[in-house]
Amino acid sequence: MLLAPGTELKRTPLHDLHLELGGKMVPFAGYEMPVQYPAGILTEHKTTRAGAGLFDVSHMGQAWLDGPDVAALFETLVPGDIAGLKPGQIRYTLLMAEDGGILDDLMVTRPVDDTDGSRLFLVVNAACKDQDFAHIAERLAGRATLTRLDDRALLALQGPGAAAIMRGLGPAALDLTFMTAAPVEIAGVPCLLSRSGYTGEDGFEISVPAGRAVDLARALLGAGASPIGLGARDSLRLEAGLCLYGHDIDTTTDPIEASLAWTVPKRRRAAADFPGAARVLAALKDGVSRKRVGIRPLGRAPAREGVAIAAPDGGPEIGIVTSGGFGPSVEGPVAMGYVPPAYAAPGTRIDLLVRGKPLPAEVATLPFTPHRYAKP
Amino acid sequence: MTVKYTEDHEWIAVTGSTGRVGITDYAQGQLGDVVFVDLPAAGVLLEKGGEAAVVESVKAASEVFAPVTGKVTASNAHLEAEPSLVNSSPEGDGWFFEVELSDLAELDGLMDAAAYKDYVASLD
Numbered sequence: 008m009l010l011a012p013g014t015e016l017k018r019t020p021l022h023d024l025h026l027e028l029g030g031k032m033v034p035f036a037g038y039e040m041p042v043q044y045p046a047g048i049l050t051e052h053k054t055t056r057a058g059a060g061l062f063d064v065s066h067m068g069q070a071w072l073d074g075p076d077v078a079a080l081f082e083t084l085v086p087g088d089i090a091g092l093k094p095g096q097i098r099y100t101l102l103m104a105e106d107g108g109i110l111d112d113l114m115v116t117r118p119v120d121d122t123d124g125s126r127l128f129l130v131v132n133a134a135c136k137d138q139d140f141a142h143i144a145e146r147l148a149g150r151a152t153l154t155r156l157d158d159r160a161l162l163a164l165q166g167p168g169a170a171a172i173m174r175g176l177g178p179a180a181l182d183l184t185f186m187t188a189a190p191v192e193i194a195g196v197p198c199l200l201s202r203s204g205y206t207g208e209d210g211f212e213i214s215v216p217a218g219r220a221v222d223l224a225r226a227l228l229g230a231g232a233s234p235i236g237l238g239a240r241d242s243l244r245l246e247a248g249l250c251l252y253g254h255d256i257d258t259t260t261d262p263i264e265a266s267l268a269w270t271v272p273k274r275r276r277a278a279a280d281f282p283g284a285a286r287v288l289a290a291l292k293d294g295v296s297r298k299r300v301g302i303r304p305l306g307r308a309p310a311r312e313g314v315a316i317a318a319p320d321g322g323p324e325i326g327i328v329t330s331g332g333f334g335p336s337v338e339g340p341v342a343m344g345y346v347p348p349a350y351a352a353p354g355t356r357i358d359l360l361v362r363g364k365p366l367p368a369e370v371a372t373l374p375f376t377p378h379r380y381a382k383p
Numbered sequence: 082m083t084v085k086y087t088e089d090h091e092w093i094a095v096t097g098s099t100g101r102v103g104i105t106d107y108a109q110g111q112l113g114d115v116v117f118v119d120l121p122a123a124g125v126l127l128e129k130g131g132e133a134a135v136v137e138s139v140k141a142a143s144e145v146f147a148p149v150t151g152k153v154t155a156s157n158a159h160l161e162a163e164p165s166l167v168n169s170s171p172e173g174d175g176w177f178f179e180v181e182l183s184d185l186a187e188l189d190g191l192m193d194a195a196a197y198k199d200y201v202a203s204l205d
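Read top to bottom, the protein sequences are chains P and U. When the count follows our numbering, it moves up by one through the first sequence with no breaks and lands on 383 for the last residue. When the count follows our numbering, it moves up by one through the second sequence with no breaks and lands on 205 for the last residue.
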């Protein structure tokens, strides 16, 4: 990403630990973040799918949103079912623009101790956090108060080995199921723990006071987790078919085009009371001109973001790749992109114009690797 | 045999008027795990400094430039099945292609091993 001249890169509370672990630091969303450690992206990816990976995602934005009947208020900004959240439940939802585009995707938690419906915990993307929080604060001014939690770090422990590590360091973590959260003490550190993640694996996201983040990270590494950089974070989420904001979804895509219709439940469709409802309902009723799909190149060459998609055998250009690369667990190239609905069925042949050459590919079912969440 | 290096981290090992080309150990270390290499076909004419091949790591695609002008005579078929040879043996079995040099004098503009070593040291 381009930074204005003179912009200082920010550091997370784990910065020195990244350097100690040999992390290769790169600019990302205004932060200096590890793209990989000495093990390398392939190994880090596979380690997460086989064991447990520890990610620093402290650059993401965390905030409390407080106010009477806060879920109903927040529903004026998102199309998800927030009012239906029980204490301790988490929802993935979308911050919507008035024209039906997507401003950001985010996680919304109703704290387990919220008995009167007055508090939500928000986690938003790093690159969007300033504008997201300004937007939310402004739109709900006088009715709800947004408090940024810039004094907290966020770690993610992901993989089939994550639960075993928690059993040793904070067994109350195992009471959580996928998409639920609670305050849990881990290795003696008070945390807000969520059973969620961005890899398609079982795992946890851990909000922790900045001053205790290194202690907690060392405890998790000591219990067998491996440090994982942003490179593997991206290949893991791509194999899991999860959207990356600013790439697979943005202010030009609506939720239906993005194949995120599942995030707009029946009650919200019927009420049509969220920003961009007109476009979303029209898309549901009349269909869309493009659809986000999974793509499997049939050869070995990866197709990256920005590669044009064409109808097969010299046909016209029909779409574009929005995320693409090599899937270490799939052991081949994988991608996501937008194509017209006529080409959106799994198995449909398409071409990818990689460096000017048409390479054969097929539309594929997402995710590329099955999700393995701790569902109740 | 003479081995020369470019500032873009290609090496060329020349015997007579034929050169074998690859990327250096420093380059593979910067790229990370290589997953695909797009090689030029035999017969293709390369111009010194022009794009000759593409190497894809898990991270990104990177261009490999022709260290000299000439005609491609062979490419390393092993890289198709085993692109990781570029990581494990960048200056050996992980070579990219061979080229018939048009102008041996072009080699004079490239670095020898000692100069390349100093050049890499200056980058860190």
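For the record, the hints were derived by calculation from the structure and aren't laboratory data. There could be a bad hint or two in this list.
To be verified - Subject to a maximum C-alpha distance of 25 Å in a straight line, what follows is the list of computed BS3-like cross-link-like pairs (lysine-lysine): (1) K364/P / K152/U; (2) K31/P / K152/U; (3) K198/U / K364/P; (4) K129/U / K152/U; (5) K273/P / K292/P.
Status of each hint after checking the structure:
no. : hint            : in the structure
1   : K364/P / K152/U : holds (21 Å)
2   : K31/P / K152/U  : violated (38 Å)
3   : K198/U / K364/P : violated (37 Å)
4   : K129/U / K152/U : holds (11 Å)
5   : K273/P / K292/P : holds (13 Å)
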